[in-house]
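> Starting from the structure of chain W, add chain X where the hints point.
Protein chains: 2
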Amino acid sequence: MAPHPINAMIAAADDAINREDFDALMSFYTDDATLVVVPGRAANGKEEIRKAFVAIAAHYEHTLYLTQGDMIVIEAGDTALVIAQTNVRANMKSATPTLETRNANYVFRRESDGEWRCMIDNSYGAALLNHVGD
Amino acid sequence: MAPHPINAMIAAADDAINREDFDALMSFYTDDATLVVVPGRAANGKEEIRKAFVAIAAHYEHTLYLTQGDMIVIEAGDTALVIAQTNVRANMKSATPTLETRNANYVFRRESDGEWRCMIDNSYGAALLNHVGD
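These protein sequence lines are chains W and X, in that order. Each residue of the first sequence is one higher than the last, beginning at 1 in the working numbering. Each residue of the second sequence is one higher than the last, beginning at 1 in the working numbering.
Chain W on its own, in the form it takes in the complex:
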């Protein structure tokens, strides 16, 4: 089966995050997108999302490096739910990097120019349920 075009979009967005090219990164989001920054806190719209990524880069001391593992895309009309393994590598204050694999959820929309863009970005997946009532 040919890879879904969203696969390449997510790889390019990861590359933009890894290079800290936040202008390029914003082109992957819809204007009304929502990013789950940490469990219980979301950024809405490109301005807030850009600020969140600047803060995330600083939090990881500019060592954050994302790659994707397996990915499933479920389409309905111009909307797609993506379930993806996201590998989060960072190398803060230690000689060896920490590595975490998350099951992320993304919702993409195919906009009027035919491009898929991310509308909801939840890199925590169902792990958010562990924080209900925090």
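It is possible that some hints are incorrect.
[What the hints assert, rightly or not] Every beta carbon over 10 Å from chain X, so not counted as near; a handful from chain W, in silico: (1) F22; (2) H59; (3) N91; (4) A95.
[As the list claims (entries may be wrong)] One-sided excerpt, in silico: chain W residues whose CB lies under 8 Å from chain X: (5) A33; (6) V37; (7) E115.
Quick caveat, the hints were computed from the structure, so don't treat them as lab data. Glycine included, each C-beta is placed from N, C-alpha and C at the ideal position.
Then chain X, alone, in the frame of chain W:
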């Protein structure tokens, strides 16, 4: 925090499944909805979704009983990603029921009449990743 209106929709949809009232159940889906029937197989549109639920009810020998646990709703414009604990109870060929809790993903859209309807129904959540390449 007040419960999101989608909570009540999902409770009512579960009730329709439990009563096997598939006409009522279809009112909770958009016309172009996609249901993940089993990992790797999806039903598209109300006609296929209705047939899938009839087959699911027969598969569980009419003992399927769904309830929801914790639920998180992440909105972006007229779209919402729902992450929910779904409790699946069934009582086939045994005196005691089997009980399974799944982390489901749903994508809802607020349509022009103001009602939220389910566009993507994936009761398997990230467990689908265990079946990549099956």
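> Against the earlier hints, flag every one the structure doesn't satisfy and list their numbers going up.
6, 7
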